[in-house]
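Trainee: Chains as they are written, first to last, in this note's numbering: chain A, 1 to 239; chain B, 1001 to 1239; chain C, 2001 to 2239; chain D, 3001 to 3239; chain E, 4001 to 4239; chain F, 5001 to 5239.
Hint data in this document are derived by calculation from the structure and do not stem from the laboratory. Mixed in with the good hints, there may be bad ones.
Stated by the list, open to error - Quick partial rundown of chain A residues pointing at chain B, CB under 10 Å, derived from the structure:
no.	residue
1	31
2	39
3	40
4	43
5	223
Backbone N, C-alpha and C fix where the C-beta goes; we use that ideal spot for every residue, glycine too.
Chain by chain, the residues:
Protein chains: 6
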Amino acid sequence: MRIRVINPNTTESMTALIEASARAVAGPGTVVEAVTSGMGPASIESHYDEALAVPGILAAVAEPADGYVLACFGDPGLDAAREVASGPVVGIAEAAMHAAAMVGRGFSVVTTLSRTKGRAHDLATRYVAAGACRGVHACDIAVLDLEHDPGARKEVIDLARHALERDGSDVIVLGCAGMAEFAAAASAELGVPVVDGVAAATVLVESLVRLGLRTSVREEYAPPPPKRYTGLLADFTRS
Amino acid sequence: MRIRVINPNTTESMTALIEASARAVAGPGTVVEAVTSGMGPASIESHYDEALAVPGILAAVAEPADGYVLACFGDPGLDAAREVASGPVVGIAEAAMHAAAMVGRGFSVVTTLSRTKGRAHDLATRYVAAGACRGVHACDIAVLDLEHDPGARKEVIDLARHALERDGSDVIVLGCAGMAEFAAAASAELGVPVVDGVAAATVLVESLVRLGLRTSVREEYAPPPPKRYTGLLADFTRS
Amino acid sequence: MRIRVINPNTTESMTALIEASARAVAGPGTVVEAVTSGMGPASIESHYDEALAVPGILAAVAEPADGYVLACFGDPGLDAAREVASGPVVGIAEAAMHAAAMVGRGFSVVTTLSRTKGRAHDLATRYVAAGACRGVHACDIAVLDLEHDPGARKEVIDLARHALERDGSDVIVLGCAGMAEFAAAASAELGVPVVDGVAAATVLVESLVRLGLRTSVREEYAPPPPKRYTGLLADFTRS
Amino acid sequence: MRIRVINPNTTESMTALIEASARAVAGPGTVVEAVTSGMGPASIESHYDEALAVPGILAAVAEPADGYVLACFGDPGLDAAREVASGPVVGIAEAAMHAAAMVGRGFSVVTTLSRTKGRAHDLATRYVAAGACRGVHACDIAVLDLEHDPGARKEVIDLARHALERDGSDVIVLGCAGMAEFAAAASAELGVPVVDGVAAATVLVESLVRLGLRTSVREEYAPPPPKRYTGLLADFTRS
Amino acid sequence: MRIRVINPNTTESMTALIEASARAVAGPGTVVEAVTSGMGPASIESHYDEALAVPGILAAVAEPADGYVLACFGDPGLDAAREVASGPVVGIAEAAMHAAAMVGRGFSVVTTLSRTKGRAHDLATRYVAAGACRGVHACDIAVLDLEHDPGARKEVIDLARHALERDGSDVIVLGCAGMAEFAAAASAELGVPVVDGVAAATVLVESLVRLGLRTSVREEYAPPPPKRYTGLLADFTRS
Amino acid sequence: MRIRVINPNTTESMTALIEASARAVAGPGTVVEAVTSGMGPASIESHYDEALAVPGILAAVAEPADGYVLACFGDPGLDAAREVASGPVVGIAEAAMHAAAMVGRGFSVVTTLSRTKGRAHDLATRYVAAGACRGVHACDIAVLDLEHDPGARKEVIDLARHALERDGSDVIVLGCAGMAEFAAAASAELGVPVVDGVAAATVLVESLVRLGLRTSVREEYAPPPPKRYTGLLADFTRS
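For reference, chain A alone in the conformation it holds in the complex (with noise of 0.2 Å):
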């Protein structure tokens, strides 16, 4: 099985670590493709970076693979990936909350700068139940500082114990791709389940494809009806 893992932005040394993560976990004849945004910012952190991220997702997409991954906390895009994907689509921020939903009664997430909370509550009331989601906290620490800067590690985790205690979570979902690396140590020092989403959606896309379950077409989901796209946007155009 061959799994696309996207990175939507265009930091290749972030591909590099969402790269790894979702290996980490593959399952034995799986084949992780993990690829970088060929359009579009450099790091994903307002809704404008969000929006433009997404032509270079669906231009992603348009690869054939039996599974994808869109592996940016917002996941953007997610539902016109779907509608143009070969195979079933998972957003990270989706299969981490879909994943810790599972192992516990309430999750809060710790995010990266303040003005992405209310995007994670949006995609909490999407993905799973009322009450599910506790809480959402940021550490305010730009997404490619959270790979150089040498206090992160201790910042997130030391937000992450604030967040059980203040929203009396018992799971903590790590709200961007780029803090994978911190979920095993987390765990350890915090003594609960956290979940980084880059590896839950890698297992999950790959249960949904073992599962033969792809994407409905029917109706919200069908292939797009063909038109004509002009200007910038000219090669998006499906026939």
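Here the structure of chain A is known, so what remains is to put chains B, C, D, E and F in place on it, guided by the hints.
Mentor: Chains B, C, D, E and F only, in chain A's frame:
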């Protein structure tokens, strides 16, 4: 006051319709500036179309104005537009739903293709109180056929009549900018308020401007952090 | 266009404030007609006051106008007024919350007495989407003291600042018609949109009139069945 | 124990029916004191009627008693009555819905005029858990005709049968005090619990009295701040 | 009328307390028959305990009575008991929450161990309207220590005071049958209604009996289809 | 990895079906260990059956394994099992609903007896986002007849087709472990994803194991406090 009314698809004839709707209700001192998106799909009938309409919208809101209307009923890119526009931004679904909520107890949406019903439901959840939107109904006429199909008006009105009965609603929201010209006839025939989103958004954004209200810049809608954009979308870099 | 702005309490000085707020934002061709309720409580600070303000409101909306504003933040008698008024009716809580929803992600309400917080929460549930109202805070200054208490403005602004932090909100809604004159200063100090309901309701009801929208007469808001009224309220008989 | 059962409309014959319902279930030591409102509408069939029934209710709850029943299915003035009554106050919609929730999984309400369905839905949202009220159905018989219309009983029972099927409910709530005498026959014919609000409110308010529970005076339901009332309603001044 | 009050744990001294609470409020003609479960855990402090208390409860409700009270705040086995009991069945959390909803705007629950807070939240979601339960707080005293710990009463009352402040609530619900004897003192000290579920359930089930209401037998709560039971539980076979 | 798949009823032939479903999707290194409950009902078709299936389930999860599947669509005893099992526990309704949510916009559940529809709705409320479950439909075939009734497959598929139309859904969830073998045929005929819970739970619990995620032991799901069990259930004492 200058209001920029953006047609998010690339079809000029639809821009003309939208402009007429907006001008018909704009206040005496208001300049309505209708613009057609410079890139993307000829009409918006899928998540794929909607996602790829957003870059054109973001280019259009980069031009200064006192207020902005996004004239597609999916309100594509609304959050991103708010981060970068120089004045308040109102989507036509948003405006129509707020207006409908003030003149009745519950509205039904009459839209184009069945596949877009989910999006209308999602927007209702986002904009208005639980229960305000009592149903979404599709006439299954394509967006660009609304203008030319001689039977479209009758089909839309018949569907609206059915929706009022079925949903126990008392207001109709027209779920496509291309239905604007049916509003008056529908209201006369059905005896209930019929809300066209383009007109509603025009007067509501004027209202916000008159109230001196602009999008909050506290956290989520603050200007996006500057960063490098590459590839096809390099021109979207903001410094 | 003639807009009747009704002060539901019997205090003339408060009507003057309300009138000033409405006139400051009304469009060029709009006549603002501010009226003081002819019966009932001197201010509205309990469910008892609110219930007994309604007969005066219903007497006031019996006079013809193009649109009506109910200028008490509890929006007393709104449903009943809609059944009998000759044009659209907008409450100031309703208008403020709809406007706030279009310029931010989540608002906090700053109100007068603690005992009125429940009503504000109920109205938010009725008017806007789940999560749009993130908190209601009381300054515990009585309605009629707002005008005279020299420290009121500062207390209200300090409370609003606290609310933004505590609730993670990005817009402030002023929860009393008597706070209208604090709006501009509060917005300047806090750096977020601050919505005064009287101004908001004035422009929103003008918008509805301009859109040709009146309260639906299908079922719930149809004119009430005529019937005999007796006792003190005999004059409310409608034939 | 003395329970004051208030008929919020001014029709004496209806008070007699209500009194009979209440007496049929009251405990041995309970004195049921049925009173007819001294002012306002002859029956309550609109928001206008409901609003104008409230002053009469507030006059009636000013008389001391151990507990109070508001015998109109719209529960008009319940919050205001709680602020001023000397004992617990229970509305008949409130009581019926709580009782229904304890004997089944989901109830349907059978009411009089279509225009009142919205109010019943609002009350269900206020009183019981999401999903407990599965539907509201109107027989379109006016309140004062229930007593005299020879076919009313059959129509109400037929509508209830339809409601059980349509809603998948297992309990019927009668949505008007005037339907009280149909309860036993309806239950026998339909084979499900049928709840009359007058009877339910009588035993529930007795229960609260027996438990020593009175309306909380912490914040919202504390006695209203004293203030001047003027005009027609001057007598409602509380010192 | 004979009401069977079932202590779902196997501790006789707790049954005595429960019996006293029930008898203190039961009506003159009511026989309270308190029974101790014949099998299972000595106290109920986990989902495991709760699940294993259910067989004992089902054995106890197999004995005929006019009504039944399940005297554990988790309301274990309530749905199953309703299918097989010969009269209405009320849980003490259910009764306490319904009663609390009729005497205030929002209640806080004060419970024993932190690990049971989730269950209390779930029950509130099931029984009462959204927002009625404003918080659940744990004193972390084990169920069987409530009776003997000399400081328990003070700790529970202090926690209730904190809950009122923190949650902005106006009623306290005691979240354990073992706290029944603290209700009067807590109410006196705190100045708000304090609801003991055992007392509440006793009068509410009496109310249902007096109203002639029994659990609906339409669909979900109809007697279970007869079938073979084997092993340890063979005696639960119903024919 | 060893996954224990527990049939909560005592019918061996159904265990064989369940085992086949699980094995068909389990990964190469996974040992599926299917077990039949040692006590309780022959099939689960009521709350009574479900409650009395739980002791057998708790005995079965006391045996060590890497993960556990509860193979009855009511997910009986899931919370209690999580407290005592040595690895993650997944219910088949839970798994089916999470999987369905990732491949479509809204699913319908097709179940056995009408009386179980309420339970399916409750589980949907617990597991997935509001609106994800669009309807629950019963074929009214008893659980143990699914295997033998030659027309069962056709009836189930016809009902699913009706559900898709009626609910506007795009995915079918099979609401009984005994329907597993209809999944492939149903999907082929209906052209939408059809989710069998046994298969879904098997791959999802494998996923959790692969991710290193176990049920959180923070508060609610921590091991239950040890205590004395008596009577028939004395063997359930945990020390």
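Trainee: Now look at each hint and say whether the structure bears it out.
Mentor: These are the hints, each one checked on the structure:
1. A distance limit of 10 Å between C-beta atoms decides the matter here; for residue 31 of chain A the minimum to chain B is near 26 Å, and the interface restraint is violated.
2. A cut of 10 Å between beta carbons decides the hint on residue 39 of chain A: the least distance to chain B is about 3 Å, and the hint holds.
3. Satisfaction of the interface hint for residue 40 of chain A is found here, the shortest Cβ-Cβ separation to chain B being roughly 5 Å, below the 10 Å cut-off.
4. A least Cβ separation of about 6 Å between residue 43 of chain A and chain B falls short of the 10 Å threshold, and the interface hint therefore holds.
5. Taking 10 Å as the C-beta contact cut-off toward chain B, the hint placing residue 223 of chain A at the interface holds, the least distance being around 8 Å.
Checked against the numbered hints above, the structure violates only hint 1.
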